[in-house]
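2 protein chains.
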Amino acid sequence: MAHNIDRRGLLVGGTALGGMALAAGFGADPAQAASAKAGSQVAGVQRLKVGDFEVTAILDGHIDLPLSLFPKADAAGVKRLQEEAFVPAGDSVRGAINTYVVNTGDRLVLVDSGSGALMGPTAGKLADNLRAAGVDPAAIDTILVTHLHPDHIGGLFSKEGAALFPKAEMAVHEADIGFWTNAEIMAKVPDDVKPFFVAAQASLKAYGARLRRIGADGEVVKGISSMHLPGHTPGHTGYRVTSGQGDLLIWGDIVHAAVLQFARPDWALAFDTDQDRAIVTRKKVFDMASTDRVQIAGMHLPYPGIGHVAKAAEGYRYVKSDWTYTL
Amino acid sequence: MAHNIDRRGLLVGGTALGGMALAAGFGADPAQAASAKAGSQVAGVQRLKVGDFEVTAILDGHIDLPLSLFPKADAAGVKRLQEEAFVPAGDSVRGAINTYVVNTGDRLVLVDSGSGALMGPTAGKLADNLRAAGVDPAAIDTILVTHLHPDHIGGLFSKEGAALFPKAEMAVHEADIGFWTNAEIMAKVPDDVKPFFVAAQASLKAYGARLRRIGADGEVVKGISSMHLPGHTPGHTGYRVTSGQGDLLIWGDIVHAAVLQFARPDWALAFDTDQDRAIVTRKKVFDMASTDRVQIAGMHLPYPGIGHVAKAAEGYRYVKSDWTYTL
Chain X
-6 MAHNIDRRGL LVGGTALGGM ALAAGFGADP AQAASAKAGS QVAGVQRLKV
44 GDFEVTAILD GHIDLPLSLF PKADAAGVKR LQEEAFVPAG DSVRGAINTY
94 VVNTGDRLVL VDSGSGALMG PTAGKLADNL RAAGVDPAAI DTILVTHLHP
144 DHIGGLFSKE GAALFPKAEM AVHEADIGFW TNAEIMAKVP DDVKPFFVAA
194 QASLKAYGAR LRRIGADGEV VKGISSMHLP GHTPGHTGYR VTSGQGDLLI
244 WGDIVHAAVL QFARPDWALA FDTDQDRAIV TRKKVFDMAS TDRVQIAGMH
294 LPYPGIGHVA KAAEGYRYVK SDWTYTL
Chain L
-6 MAHNIDRRGL LVGGTALGGM ALAAGFGADP AQAASAKAGS QVAGVQRLKV
44 GDFEVTAILD GHIDLPLSLF PKADAAGVKR LQEEAFVPAG DSVRGAINTY
94 VVNTGDRLVL VDSGSGALMG PTAGKLADNL RAAGVDPAAI DTILVTHLHP
144 DHIGGLFSKE GAALFPKAEM AVHEADIGFW TNAEIMAKVP DDVKPFFVAA
194 QASLKAYGAR LRRIGADGEV VKGISSMHLP GHTPGHTGYR VTSGQGDLLI
244 WGDIVHAAVL QFARPDWALA FDTDQDRAIV TRKKVFDMAS TDRVQIAGMH
294 LPYPGIGHVA KAAEGYRYVK SDWTYTL
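As given, the protein sequences belong to chains X and L, one line each in that order.
Mapping the first sequence onto the numbering used here, position 236 (from 1) lands on 229, and the numbers just tick up by one.
Mapping the second sequence onto the numbering used here, position 67 (from 1) lands on 60, and the numbers just tick up by one.
Hints may contain errors.
[What the hints assert, rightly or not] Under the rule of at most 25 Å between Cα atoms (straight-line distance), these lysine-lysine pairs were calculated in the DSS-like manner:
{"id": "1", "chain 1": "L", "residue 1": "K215", "chain 2": "X", "residue 2": "K30"}
{"id": "2", "chain 1": "L", "residue 1": "K152", "chain 2": "L", "residue 2": "K187"}
{"id": "3", "chain 1": "L", "residue 1": "K42", "chain 2": "X", "residue 2": "K30"}
[As the list claims (entries may be wrong)] Example chain X residues on the side facing chain L (calculated, C-beta under 10 Å, incomplete):
{"id": "4", "residue": "F46"}
{"id": "5", "residue": "V128"}
{"id": "6", "residue": "T284"}
[Said to hold, decoys possible] Stretches of chain L that chain X covers, calculated by requiring three or more beta carbons in the stretch to come under 8 Å of a beta carbon on chain X:
{"id": "7", "region": "29 to 35"}
{"id": "8", "region": "92 to 103"}
{"id": "9", "region": "127 to 137"}
{"id": "10", "region": "141 to 147"}
{"id": "11", "region": "182 to 194"}
{"id": "12", "region": "309 to 316"}
If you're looking for bench data, these hints aren't it; they were derived computationally from the structure.
Positions of the beta carbon are idealized from the N, C-alpha and C atoms, including for glycine.
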């Protein structure tokens, strides 16, 4: 059978297809035969069992990070890593924005809230995807916040500043609360960083009466413990979910660009409040996760962002978890 | 905050949480607070744009392949590869069963049909997941079959032998039709292989009037070309979907166990009708896909089974495609 023959050619020329297919009655207008295309991806909702708990990865969307945000990265190295990951070459790297709902059986917990209206039209889909997942925002008991950056707290409040999770407490590490509400620090940062402070403060104000300050590491909800992972922000915090044999570390922003930072944990993000400390923390978490074989979830890992970390010839590698083992 | 305190401890002991949370009115019975767990994964439906075409990966389920089906694999090597992939160690490897719907705009094409009732309760979910994807079986114009094994054709016909895709033609490579309908060959195979012949013949019978025999490689549906990839079965065939800049090779069973065969393409499956030829074909496809950077989809790759192949220190590695680039 030759290449580049059209459908008419197939119908006329292919003996088996020709008469028989027509005899079967589907030789009608081909435009009528096909279903309409969906035109969009399905809702970003996927589940994972962690012991008796159920974790649902809820996609908020994605953002493209300009490479200028990785000041230590060299162009040739980036190009090679983009090639190895089969992602488009270019001057940005794409990061998902993931959030996670943890249903412990007696508490319904949301970890981070995506970006709301703060990061443009490719993100801010948490509310839609929560609906697709059958989760009522009013049923969320606790929101565990990894840090107060806009792509993590933008989904918490409306344009008018109202809490979108009307019954939830908001738990945040006290060092992040202190930093993002510090007027002296805010006065000194460049103008393009000031909106970060405004957004952080808006989220805290929306949940003011239901705000919980997280201090020393420990259990914050039964079965979920906080782990202070400073550097990206002063109070950046991971949450370790344990139930039975299940153990998942939701590590927040240990990685912003999977394509780059597993291989090169030293390529820090310009937005880190302390890049050197962020690098130390990233390496420490990679070492712990790879040595102890801890399953991890990350806010900017390729959706659903659940996998493992392994040592590699160059730094580390990310191994996504297989769907068939999830539930 | 100490570990292992219960919810009452948090409510009473945590100052911010204590009074304020109760004041906010969510100190009720915690059993009422959490939503019911879903208890299952979401429907296995994910989309990918290939040029102007839309490809939907539809999950049929999974099967666990005993390691005895990989006679060339050594136990120590398997154990190491299982560890590196963070899958359970043990005497089997899990494979998804994937199918793909290709909507070209004027033809609605199904590639393979999963296992129906032939492979046990962890598979046979094609019909449910097609429904979740909004695809009416009666709207399928063409079923492209990669080969006539039961986990690829079991979803095509009912227990009574009726075609479950009432208007679809069924296209199969002529070498597979010849092999699986050959009474002499069937008479000589071990008893436990005979059901393969029975199932293959049942599928061909169900679509008898609408059967298309695929011969030399070429276009089978506008934008989709057949690629004969023999070894696993005599007529094993891949389908290359091309539209605009989009190019996806749906390679059927080039890989049965991703955990093993990317690193060790020489570890052939006992079910191959010609293991040596299957190995040669697998290596040839890996070489082509990695050199030309062709996106591939595979019936037993981790769902949704869409990614790329890259050369690695040990054989090859599989790089899953990132959700955020799919549509």
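Consistency of the hints with the structure:
Between K215 of chain L and K30 of chain X the CA atoms are separated by roughly 17 Å; this keeps the pair inside 25 Å, and the hint holds. Distance restraint check for K152 of chain L and K187 of chain L: the Cα-Cα separation of roughly 18 Å lies within the 25 Å cut-off, and the hinted pair is therefore satisfied. Under the criterion of a C-alpha separation no larger than 25 Å, the hint pairing K42 of chain L with K30 of chain X is consistent with the structure, at around 10 Å. The beta carbon of F46 of chain X comes within 8 Å of a beta carbon in chain L, closer than 10 Å, and the hint placing it at the interface holds.
Nearest Cβ of chain L to the Cβ of V128 of chain X: about 6 Å, under the 10 Å cut. The hint holds. With 10 Å as the threshold, the beta carbon of T284 of chain X stays out of range of chain L, its nearest partner Cβ sitting at about 13 Å, so the hint is violated. Against chain X, the region 29 to 35 of chain L contributes 6 residues with a C-beta closer than 8 Å to a partner C-beta. That satisfies the three-residue criterion, and the hint holds. Beta-carbon proximity to chain X at under 8 Å applies to 6 residues in the region 92 to 103 of chain L; the threshold of 3 is reached and the given coverage holds.
Given a C-beta distance limit of less than 8 Å, the hint that chain X covers the region 127 to 137 of chain L holds, as 5 residues qualify and 3 suffice. Beta-carbon proximity to chain X at under 8 Å applies to 0 residues in the region 141 to 147 of chain L; the threshold of 3 is not reached and the given coverage is violated. Residue count for the region 182 to 194 of chain L with a Cβ under 8 Å from a Cβ of chain X: 0. That is fewer than the three needed, and the coverage hint is violated. Proximity of the region 309 to 316 of chain L to chain X, defined as three or more residues with a beta carbon under 8 Å from a beta carbon of that chain, is established by the 5 residues found.
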